[in-house]
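Peer 1: Sequence:
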Amino acid sequence: MPRKATSAQVAVKGSARLLPATAKAVGDPHPDQDIDVTVRLKSSGVQPHALPAVPMRRSAFNREFGSSPEELARVEQFAQAHGLSVVESSAPRRTVILRGRVSQMQEAFGVSLGLYEDRGVTFRGRSGPVHVPQDLADIVEGVFGLDDRPQAHPQFRLAGPLPAPGVVHPHAAGSSFTPLELAQAYQFPAGDGAGQTIAIIELGGGYRKADITAYFAELGLKAPKVTAVRVNGGKNAPTGDPNSADGEVMLDIEVAGAVAPGAKIAVYFAPNTDAGFLNAVTTAVHDARRKPSVVSISWGAAEPGWTQQAMQAMDSAFREAAMLGVTVLCAAGDDGSDDRVGDHLAHTDFPASSPWATGCGGTRLELNGGAISSETVWNNGMGHGATGGGVSDTFALPDYQQGAGVPPSANPGGRVGRGVPDIAAVADPQTGYRVRVDGQDMVIGGTSAVSPLWSGLVARLNAQRAHPIGFLNPLLYAAGPLRDITSGNNGAYQAHSGWDACTGLGSPDGTRLATLAP
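With the working numbering, the residue at position 430 of the sequence shown is 1168, and numbering never jumps.
There could be a bad hint or two in this list.
Once the Cα atoms are required to be at most 16 Å apart in a straight line, the calculated EDC-like pairs of lysine to aspartate or glutamate come out as [as the list claims (entries may be wrong)]:
{"no.": "1", "residue 1": "963", "residue 2": "930"}
{"no.": "2", "residue 1": "780", "residue 2": "873"}
{"no.": "3", "residue 1": "780", "residue 2": "876"}
Between beta-carbon pairs, the in silico distance windows are [stated by the list, open to error]:
{"no.": "4", "residue 1": "1252", "residue 2": "1140", "range": "24 to 30 Å"}
{"no.": "5", "residue 1": "807", "residue 2": "1121", "range": "52 to 58 Å"}
{"no.": "6", "residue 1": "806", "residue 2": "1109", "range": "52 to 58 Å"}
{"no.": "7", "residue 1": "948", "residue 2": "751", "range": "45 to 51 Å"}
{"no.": "8", "residue 1": "1177", "residue 2": "860", "range": "27 to 33 Å"}
{"no.": "9", "residue 1": "1109", "residue 2": "1152", "range": "38 to 44 Å"}
{"no.": "10", "residue 1": "1140", "residue 2": "769", "range": "48 to 54 Å"}
{"no.": "11", "residue 1": "1107", "residue 2": "1252", "range": "20 to 26 Å"}
If you're looking for bench data, these hints aren't it; they were derived computationally from the structure.
Glycine is no exception: its CB is placed at the ideal position from the N, C-alpha and C atoms.
Start from the sequences, fold in the hints, and give me the full structure.
Peer 2: Written out as structure tokens, the structure reads:
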């Protein structure tokens, strides 16, 4: 039965959500089913326009920008009034997770929940905004988890297994590389990332320790220490299918770990929902135990697939990362300038389009004797993969991109906004990465691979610095183009000298990056 907001409730700004046009109603969730809902609070402090010269101490950040005990208590009182229990309450993450029955949640948040089926997936969905009491409206940034539709997809492309001698696989890559070969080709500075922790966000799949051991033994490296961190019930759960999310998980671990084998790797597993994605990110950013200095994200979706409140909450989490000296790298998408939307318009992928993240585009790479002989924009044609990139419909042009040459959007109206990506590296599966997944040696591409490759590079750079490099973008744009990619397109946008919406400032130039401000 539809629930209506009461006169004492107000809509949470940006929480309105539409059901997919292809979704079909298949019933109602059981009213007594327990669900978890995440309430994200606004920052209690006024965040400065400029980042601190050195990363903030976590204790200082928590005092200045975390939720106050009074704010958390107000949410807990709201929960008690509606018969909800508090599962988790975190001041640094500005998060309270509530648990209760579907009927209670509908009443508490003024929403109507239904069951829907779309493209073979059944989910609990809603349309319209979420509501909160008037006396909470001033502190609530967003409410997540009422709707549990899949929020994102992994940005990888499977080229196929490595063939046995004399055997040609129909989808095998034309050429492929180990992460070590790429680190050498891109002239990464020496080092192994010792003392650093790389956080990897995963919304499904899992890894097998036997695969990690075998892969690194083949590379002649000691396997890195890999820890699975459970978020909202997510866990390391390999499916046995390399074309599932397992391919993403293993690609991320093996690429980052091979480039920075001295670094520890923490994999944050969460459900593929708006709440799961956000909580995985905030858990990693504010993990005072593991203290990651870089976060690698290879999952995303076109901006129209997100609510405004979800993008705002994730963007603010990335800003918090920047203040703490944590670098955030996000894959820019594998479906060209359309980004899977199919409306004949150009779209950017989020979270790569966040101004507080570093978006990672993709190239096609050829080596000769270990040196780069050719590097162009990755675009294998309609349906076969191409780097994402473009101009955000959501975020304004950030200060660091002023003067970078970001063009107006290719869409009608020519909006000026945040340009994506910022950087690039090889992503074409036909010149992809050799990895091991579910007992098989595979070749995988996609911008998914670019984020962990750069994460390993950042870990190497951090290991040689007094303070972590933190938010990369201002430093990168101040330094100018890297290995400039000037040939190719991703559909709506063409590569050219300088920044472009296919490969950003270019692929890694390790020698130049090593000279970034200490």
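Peer 1: Hints first: check each against the structure and report whether it holds.
Peer 2: Right, here's what the structure says about each hint:
no.	hint	result
1	963 <-> 930	holds, 13 Å
2	780 <-> 873	holds, 14 Å
3	780 <-> 876	holds, 8 Å
4	1252 <-> 1140: 24 to 30 Å	holds, 26 Å
5	807 <-> 1121: 52 to 58 Å	holds, 53 Å
6	806 <-> 1109: 52 to 58 Å	holds, 56 Å
7	948 <-> 751: 45 to 51 Å	holds, 48 Å
8	1177 <-> 860: 27 to 33 Å	holds, 31 Å
9	1109 <-> 1152: 38 to 44 Å	holds, 40 Å
10	1140 <-> 769: 48 to 54 Å	holds, 53 Å
11	1107 <-> 1252: 20 to 26 Å	holds, 23 Å
When each numbered hint is compared with the structure, no violation occurs for any of them.
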